Amino acid sequence: GAVVSQHPSWVICKSGTSVKIECRSLDFQATTMFWYRQFPKQSLMLMATSNEGSKATYEQGVEKDKFLINHASLTLSTLTVTSAHPEDSSFYICSAIGPLPNSPLHFGNGTRLTVT
Amino acid sequence: SQQGEEDPQALSIQEGENATMNCSYKTSINNLQWYRQNSGRGLVHLILIRSNEREKHSGRLRVTLDTSKKSSSLLITASRAADTASYFCATDPTDSWGKLQFGAGTQVVVTP
Chain E
1 GAVVSQHPSW VICKSGTSVK IECRSLDFQA TTMFWYRQFP KQSLMLMATS
51 NEGSKATYEQ GVEKDKFLIN HASLTLSTLT VTSAHPEDSS FYICSAIGPL
101 PNSPLHFGNG TRLTVT
Chain A
1001 SQQGEEDPQA LSIQEGENAT MNCSYKTSIN NLQWYRQNSG RGLVHLILIR
1051 SNEREKHSGR LRVTLDTSKK SSSLLITASR AADTASYFCA TDPTDSWGKL
1101 QFGAGTQVVV TP
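If you read the sequences in order, they're chains E and A. Following the numbering used here from start to finish, the first sequence increments by one per residue and tops out at 116. Following the numbering used here from start to finish, the second sequence increments by one per residue and tops out at 1112.
By construction, these hints were calculated from the structure, which means they are not laboratory data. Since the structure is predicted, the reported quantities are computational estimates derived from the model, not experimental observations. Note that CB positions come from ideal geometry on N, CA and C, so glycine has one too. The reader is advised that the hints may include incorrect statements.
27 Å max Cα-Cα, derived DSSO-like pairs, lysine-lysine [to be verified]:
#	chain 1	residue 1	chain 2	residue 2
1	E	Lys-66	A	Lys-1099
2	E	Lys-41	E	Lys-20
3	A	Lys-1026	A	Lys-1056
4	A	Lys-1056	E	Lys-55
5	E	Lys-55	E	Lys-20
6	A	Lys-1070	A	Lys-1099
7	E	Lys-41	A	Lys-1026
8	A	Lys-1070	E	Lys-20
9	E	Lys-41	A	Lys-1099
10	E	Lys-41	A	Lys-1070
11	E	Lys-41	E	Lys-66
12	E	Lys-64	A	Lys-1099
Chain A stretches covered by chain E per the calculated footprint, using a threshold of three residues with CB under 8 Å from any CB of chain E [what the hints assert, rightly or not]:
#	segment
13	1042-1054
14	1092-1104
Work the whole structure out from these sequences, hints included.
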């Protein structure tokens, strides 16, 4: 079964509203989680690295005030898309990894966000 | 940012044929992984090859890695219609475990 649960699997929201996406590790402690964005027919682009108990590290070009990441526990990281606009419509995927060297990496099933 | 390139961008073959796709990358890696993604769905992990390995097999999949050329290839033998998907390579850099950088992907269509 899935070891990383991502919720919701899809969401439709109106322009200007905020949307929260959750990424949970189900049977391991995820000290680090990664958030990716994928536009249609494109590859996955890393948005940010989320470490438990500390601020996320954002990739160049990703607005940290727009994409709020919280990793308050060892099993949960959240991505909040604030004041969403149609251009934020995308597929968002998280991955999680444990604390040990060479810990396996697990991906969530992704969240399809559509902003109308 | 994306680590590297994949080619071809698209590949159309018939069932029973082999499909080969290539991936190039730029930095030092711990390992290189291949994923499959069906349209609009999540990623399916196919195979991981470590930096000290040169070739790896898993069922109908064969992966090679040439660290001197910073390139990898994925071969799918005896393809099936169910193999229709996008295939991505992803490199795991030596300086940040788990922070995968994905290639551009190859869209494979297998016709019956």
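>> What's the verdict on E/Lys-41 and A/Lys-1026, does the C-alpha distance respect the 27 Å limit or exceed it?
In response: holds, 23 Å
> Okay, the segment 1092-1104 of chain A and chain E, do three or more residues pass the C-beta test at under 8 Å?
Replying inline: holds (count 10)
> Within a Cα-Cα threshold of 27 Å, do A/Lys-1056 and E/Lys-55 meet the stated pairing?
Replying inline: Between A/Lys-1056 and E/Lys-55 the Cα gap is close to 38 Å, so the pair fails against 27 Å, i.e. violated.
> Straight-line Cα separation of E/Lys-41 and E/Lys-66 no greater than 27 Å?
Replying inline: Holds - the C-alpha atoms of E/Lys-66 and E/Lys-41 are around 24 Å apart, at most 27 Å.
> Regarding the pair E/Lys-41 and E/Lys-20, is the alpha-carbon distance no greater than 27 Å?
Replying inline: Within the cut-off at roughly 24 Å; holds.
>> Please verify whether A/Lys-1026 and A/Lys-1056 have alpha carbons no more than 27 Å apart.
In response: holds, 21 Å
> If you draw a straight line from the CA of E/Lys-64 to the CA of A/Lys-1099, is it 27 Å or shorter?
Replying inline: holds, 18 Å
> If you draw a straight line from the CA of E/Lys-66 to the CA of A/Lys-1099, is it 27 Å or shorter?
Replying inline: holds, 21 Å
> Holds or violated: E/Lys-41 with A/Lys-1070, Cα cutoff 27 Å?
Replying inline: holds, 25 Å
> Can the restraint linking E/Lys-55 and E/Lys-20 be considered satisfied, given a maximum Cα separation of 27 Å?
Replying inline: holds, 17 Å
> Are the Cα positions of A/Lys-1070 and E/Lys-20 separated by 27 Å at most?
Replying inline: violated, 38 Å
> Are the Cα positions of A/Lys-1070 and A/Lys-1099 separated by 27 Å at most?
Replying inline: holds, 18 Å
Hints 4, 8 from the list above are not met by this structure, while the remaining hints are.
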